[in-house]
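Enquirer: Go by the hints and put chain B onto chain A.
Protein chains: 2
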Amino acid sequence: MVNYPHQVRKKISRTNSKFSRQQVDFANRGMSFEAAINDSNTYYLAHGHAVIHKKPTPVQIVKVDYPRRSRAKIVEAYFRQASTTDYSGVYQGHYIDFEAKETRQKTSMPMKNFHSHQIEHMDQVLQQRGICFVLLHFSTLKETYLLPASALIDFYRVENGKKSMPIDYIRKHGFQIEMGGYPSLPYLEVVEKNLLGGDTLEKTKP
Amino acid sequence: MVNYPHQVRKKISRTNSKFSRQQVDFANRGMSFEAAINDSNTYYLAHGHAVIHKKPTPVQIVKVDYPRRSRAKIVEAYFRQASTTDYSGVYQGHYIDFEAKETRQKTSMPMKNFHSHQIEHMDQVLQQRGICFVLLHFSTLKETYLLPASALIDFYRVENGKKSMPIDYIRKHGFQIEMGGYPSLPYLEVVEKNLLGGDTLEKTKP
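First to last, the protein sequences are chains A and B. FYI, the numbering used here numbers position 43 of the first sequence as 82, with every residue one higher than the one before it. FYI, the numbering used here numbers position 133 of the second sequence as 172, with every residue one higher than the one before it.
Just chain A, same shape as in the assembly (with noise of 0.2 Å):
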């Protein structure tokens, strides 16, 4: 599956402060939601807090041409469905694994983004005691959850990927991510707490 992340324009707003904290996400920065994740990623990295990437795009190389005096060119190829998640890395011992979508819905999230070959590798990272999950953008509401994949697959299974997901019933199982400061995506604060139980990450910070 490839993302071709919705562009979010950058507001300029006047109201922006650190009191105002709802207001400031990662979209008043200019950010889309991917980039809000790698940037996040890149902090944790730096920080020595995890080591997660965002895995290539997976693409079917049909033909490679080898210009004289220059590298290697492809001329063809094709973008592949992926058949796991798009990021994945390790905190703490910790395999974590996850997804993100978006959407402009204010109400559900679209499930038709979510394959089932995801889904089924979801369920297999849980199995082997992985860290799974979500993380869900609605852009309109300015708001992020984190969802853990034990629902996601439920949900999933229900109608078989076929119904939206009610943002009430990602609210019920999810987290919030609280933005406003940084990490862009505070999302290993919220694996932290809820889904380790811990606050390993908190005694880590400076």
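Fair warning: there could be bad hints in the mix.
When chains are identical, the list treats them as one kind, so a pair holds in a single copy or across two.
Claimed, not checked - Pairs of lysine-lysine residues, derived as BS3-like cross-links and limited to a Cα-Cα distance of at most 27 Å, are as follows:
| id | residue 1 | residue 2 |
| --- | --- | --- |
| 1 | Lys211 | Lys94 |
| 2 | Lys102 | Lys232 |
| 3 | Lys151 | Lys112 |
| 4 | Lys232 | Lys202 |
| 5 | Lys140 | Lys94 |
Since the hints were made in silico from the structure, they are not lab data.
Expert: Below, chain B without anything else, positioned relative to chain A:
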């Protein structure tokens, strides 16, 4: 970094039997080193032992055409150097991360295929308590070793990756992988016994 696996020609051996264990490696089955790793990962996944995948080849996409009535076609792209390793996943809660290299040489493994970014990545993974190693295949000798990343990093730092790594060093600090059974390359058994000190995998076997 892009691997162009050395094609191992299928050898037909009249001496193959379950008693001549040393002779029966994946090359005898017409399998390349990379194929043997993928085959083992498929085996581990199917048996519920681990979820380990090869990451897609990193490609920098420059131009995409959208022909009518057909899917997007990439018409200009280039191979990018990988900043991480080729394989990662989860095994019984443990984060697993490794790179695979092969050589036809008999006495040492060239270090030029390990990039400084990869060495740095391995170091970061170890700091996060991930399980990290390299699989080294000597195709002429028909021997494959698992070398812990710590030993690779130590050697790399002595001469900044400029010196080949003698097979004696690998034999001293690594573990030979016994071949001839299933999966083709039972590297997780080596991880379990020597890096984790347990026998979880043995216990899950039928």
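Enquirer: Which earlier hints can't be squared with this structure?
Expert: Structure breaks hints 1, 2 and 4.
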